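Sequence lines, in order, name chains A and B. Following the numbering used here, the numbering of the first sequence begins with 163 at its first residue and continues without gaps. Following the numbering used here, the numbering of the second sequence begins with 743 at its first residue and continues without gaps.
These aren't lab readings, by the way, just hints derived from the structure by calculation. All values derive from a computational prediction rather than experimental measurement. All residues carry an ideal CB built from backbone N, CA and C; glycine is no exception. A few of these clues could be false.
Examples of chain A residues toward chain B, derived with CB under 8 Å [stated by the list, open to error]:
hint, residue
1, Q801
2, S802
3, G803
4, Y804
5, I805
6, Y806
7, A809
8, F810
9, V813
Stretches of chain B that chain A covers, calculated by requiring three or more beta carbons in the stretch to come under 8 Å of a beta carbon on chain A [what the hints assert, rightly or not]:
hint, segment
10, 759-765
11, 832-839
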Amino acid sequence: MFDNVWLIPLFPLIGFLINGFFGKKIKNEAVIGGIGTLMIFMSFIVSCGILMQMIGLPPEQRVFEKVLFPWIHCGNFKADMAFLVDPLSAVMIMVVTGVGSLIHLYSIGYMHGEEGFYRFFAYLNLFCMAMLLLVLGNNMLVMFIGWEGVGLCSYLLIGYYFHKKSAGDAGKKAFVMNRVGDFGFLLGMFTLYWWFGSNHNIWTINFTEIKAASHLLPYGGVVTVATLCFFVGATGKSAQIPLFTWLPDAMEGPTPVSALIHAATMVTAGVYMIGRMSFVFIKSPDTMMVVAVVGAATAIFAATIGTAQNDIKRVLAYSTVSQLGFMFLAMGVGAFWAGIFHLMTHAFFKACMFLGSGSVIHSMHHALHHGHLHDDAQDMRNMGGLRKVMPITFITFFVSTLAIAGIFPFSGFFSKDEILWKAFSNPYHGNLNIILWGTGAIAACFTAFYMFRLVFMTFFGECRINPKVKSHLHESPLVITIPLMVLGALATVGGFIGMPKVMGALPNYLEHWLDPVFELANEFGTKYAHEGGHHSHALEWGLMGLSIAIAVVGIMIALTMYVKNTGAPARFTATFPALHRAVYNKWYIDELYDFLFVNPCKAFGQFLWKGFDVVVVDGIVNGVANVVMGFSGIFRYMQSGYIYNYAFSMVLGVVVILGYYIFK
Amino acid sequence: MENLNGYLIVSAILFAIGTIGVLTRKNAIVIFMCIELMLNAVNLTFISLSRHLGHLDGQIFVIFIMTVAAAEAAVGLALMIAFYNNKESIDVEDVNLMKW
Numbered sequence: 163m164f165d166n167v168w169l170i171p172l173f174p175l176i177g178f179l180i181n182g183f184f185g186k187k188i189k190n191e192a193v194i195g196g197i198g199t200l201m202i203f204m205s206f207i208v209s210c211g212i213l214m215q216m217i218g219l220p221p222e223q224r225v226f227e228k229v230l231f232p233w234i235h236c237g238n239f240k241a242d243m244a245f246l247v248d249p250l251s252a253v254m255i256m257v258v259t260g261v262g263s264l265i266h267l268y269s270i271g272y273m274h275g276e277e278g279f280y281r282f283f284a285y286l287n288l289f290c291m292a293m294l295l296l297v298l299g300n301n302m303l304v305m306f307i308g309w310e311g312v313g314l315c316s317y318l319l320i321g322y323y324f325h326k327k328s329a330g331d332a333g334k335k336a337f338v339m340n341r342v343g344d345f346g347f348l349l350g351m352f353t354l355y356w357w358f359g360s361n362h363n364i365w366t367i368n369f370t371e372i373k374a375a376s377h378l379l380p381y382g383g384v385v386t387v388a389t390l391c392f393f394v395g396a397t398g399k400s401a402q403i404p405l406f407t408w409l410p411d412a413m414e415g416p417t418p419v420s421a422l423i424h425a426a427t428m429v430t431a432g433v434y435m436i437g438r439m440s441f442v443f444i445k446s447p448d449t450m451m452v453v454a455v456v457g458a459a460t461a462i463f464a465a466t467i468g469t470a471q472n473d474i475k476r477v478l479a480y481s482t483v484s485q486l487g488f489m490f491l492a493m494g495v496g497a498f499w500a501g502i503f504h505l506m507t508h509a510f511f512k513a514c515m516f517l518g519s520g521s522v523i524h525s526m527h528h529a530l531h532h533g534h535l536h537d538d539a540q541d542m543r544n545m546g547g548l549r550k551v552m553p554i555t556f557i558t559f560f561v562s563t564l565a566i567a568g569i570f571p572f573s574g575f576f577s578k579d580e581i582l583w584k585a586f587s588n589p590y591h592g593n594l595n596i597i598l599w600g601t602g603a604i605a606a607c608f609t610a611f612y613m614f615r616l617v618f619m620t621f622f623g624e625c626r627i628n629p630k631v632k633s634h635l636h637e638s639p640l641v642i643t644i645p646l647m648v649l650g651a652l653a654t655v656g657g658f659i660g661m662p663k664v665m666g667a668l669p670n671y672l673e674h675w676l677d678p679v680f681e682l683a684n685e686f687g688t689k690y691a692h693e694g695g696h697h698s699h700a701l702e703w704g705l706m707g708l709s710i711a712i713a714v715v716g717i718m719i720a721l722t723m724y725v726k727n728t729g730a731p732a733r734f735t736a737t738f739p740a741l742h743r744a745v746y747n748k749w750y751i752d753e754l755y756d757f758l759f760v761n762p763c764k765a766f767g768q769f770l771w772k773g774f775d776v777v778v779v780d781g782i783v784n785g786v787a788n789v790v791m792g793f794s795g796i797f798r799y800m801q802s803g804y805i806y807n808y809a810f811s812m813v814l815g816v817v818v819i820l821g822y823y824i825f826k
Numbered sequence: 743m744e745n746l747n748g749y750l751i752v753s754a755i756l757f758a759i760g761t762i763g764v765l766t767r768k769n770a771i772v773i774f775m776c777i778e779l780m781l782n783a784v785n786l787t788f789i790s791l792s793r794h795l796g797h798l799d800g801q802i803f804v805i806f807i808m809t810v811a812a813a814e815a816a817v818g819l820a821l822m823i824a825f826y827n828n829k830e831s832i833d834v835e836d837v838n839l840m841k842w
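Just chain A, same shape as in the assembly:
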């Protein structure tokens, strides 16, 4: 089965080629959607086969490399089109193909009747292919193809409604921000390649070879430089401070895109990349601290913004940024497996929520369209009371919300609690731990608050949609609700594979599963870990209870403000108008970036255009032409048109030449 790993990215590629080239002719939506969904589902089946085989093997044999063909061999440099199958990539391909299949299926229903249906499925397949290349690549260059590929596809998918200017702008923003990050990735790659090559004559970009040679890396120094560069790449892809602003704007794309890109796949690329190179990252204590701090800061920062947004998808977008912050926090405190665990549970519950919000928007849009109203179908202020008309959507959404809020025993509880526990108890960051933990805990409280705010505004209370069209609200078709139910179920039970040891009911499958991948990193980490990193079980139980209590507090505040005492939000806004305005406008980060980067770039572009191009470049070109014209203006008078003038010059010429030969 391992030998067939190349089939996994191949199937979506075939789907892309079929739908991309012939989709316009096929026209039939069922066929196009069927092809797209079938292709990714076949990848899922192959992934399952690989996972099954891997489970059957002893842990030390769970690494396999498949060289498909030699790609670039040039002097010392060697890059093959090759795939790496190990427990980490097995988890990733399961998440990508599994959640991806459900999203494809959902899209058949959601995108029904949209113009360019075939285009959408072609992009989705291409996106999945790029993501699978990213997680399967056995060297940095193959990973980079996928890395760039998902960036490109996110541009295409976010700008799917390209006739809308805001969608086009959002696509561009995502692409440019990702490119900034990609530059960091490249620099990191060059640094590592150069260092290994020039110091130890190991010219490689292959993960396995780097891992084998990683004991040569120093602690700090060049590793800090390289890993910080990689981390810049990760912040771009995974929407962390400072490169996070593209993600909320990316909500311009169709909702399944948000679910695919911003829940299950692309944004997790940065987390995956750090996990893949954990043995390099751990060698730099400074980078680990930066990762942890940026993660925690992003978690709380995005969570605060999420509390004041009214667009249902925007709330989810900020919650995604915030949850990604948790994953980076986990990576930064050396709890790599916990980061991957949260990545997985987040893929389940966030995909479910995005798809659920899509179901709500679908229904709202349908009803509003029916009544020829132009109210915003995504604005939660127009919703309310939808739990009665959309019971399946409501239940799945509610379950996922409990999961993200971290309520026992839903999946998010286990992963988030593990992260918070590791933030508190990890041996790397000393006194910073308490701050990291505190920030994470407050962010978790905010998360519970804004997610329940969303649920209460959307599904509870009075229905605020225009009464004329109320009767047109309805539950979505099965093709939409089936993925919701599957994801809802996963969001409920997905956490049990990573149950903490103190609970003891189940062994911690995921941690053991990922052990072979991360054990080297943990070994390197012990070199500078502080002594006495052992905490009692009672403390772990206590913090666990505390994190649930924090979530419940968040839920209670939301309940008070948005169900029991519905005047409270308005009063709060009136009491702190400046605070509300700042949060509502996302702390003016977009404006700040416009001021710091965008406008200076624009001004510089204007200068290059008006100052350099028009004056200097055009000046040189036109100047040469003008000089030639001036001279010819003088000399053209020699062309008199009279024969005897020409004859005279001929004679003169002959005389001169003869004279030269005679008198020389």
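Following the hints, complete the assembly by docking chain B onto the known chain A.
Leaving out everything else, chain B in the frame of chain A:
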């Protein structure tokens, strides 16, 4: 032949007269006749040198030149008739369209 220089001088004078005529005259027929004069001056040079050197090549050249001159006369006069039909003049001052 003892007096080669005399022949060459006469030839040079004829050539110069022809050249000056070509450059100064406006009437196309006169210019044409001056060109003939130049050709014949050259012919004279050829003949004299041929005789002086005892070589027949020069005389062969003269036959060629006379043939070409005859053809040239036919074409030239035809051009002039065509020109006269257009402009009612054979003055070269009137043929000045090919200029800036």
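Going down the list of hints, with the structure as the test:
Interface restraint check: Q801(A) against chain B, minimum CB-CB distance 5 Å, threshold 8 Å, status holds. A distance limit of 8 Å between C-beta atoms decides the matter here; for S802(A) the minimum to chain B is near 6 Å, and the interface restraint holds. The interface hint given for G803(A) holds, since its Cβ lies 3 Å from the closest Cβ of chain B, which is under the 8 Å cut-off. The criterion of a C-beta within 8 Å of any C-beta in chain B is met by Y804(A), whose closest approach is roughly 6 Å, and the hint holds.
Taken as an interface hint, I805(A) checks out: its beta carbon lies about 5 Å from the nearest beta carbon of chain B, inside 8 Å. Below 8 Å, beta-carbon pairs count as interface contacts, and Y806(A) has one with chain B at about 5 Å; its hint therefore holds. At about 6 Å, the closest approach between the beta carbon of A809(A) and any beta carbon in chain B falls short of 8 Å, and the interface hint on this residue holds. Taken as an interface hint, F810(A) checks out: its beta carbon lies about 5 Å from the nearest beta carbon of chain B, inside 8 Å.
For V813(A), the interface hint holds, the least distance from its beta-carbon to any beta-carbon of chain B being 6 Å, beneath 8 Å. Counting residues of the segment 759-765 of chain B whose C-beta sits closer than 8 Å to any C-beta of chain A gives 3, which meets the bar of three, so the coverage hint holds. Counting residues of the segment 832-839 of chain B whose beta carbon lies closer than 8 Å to any beta carbon of chain A gives 5, which reaches the threshold of three, so the coverage claim holds.
Violation of the numbered hints given earlier is absent; every hint is satisfied by the structure.
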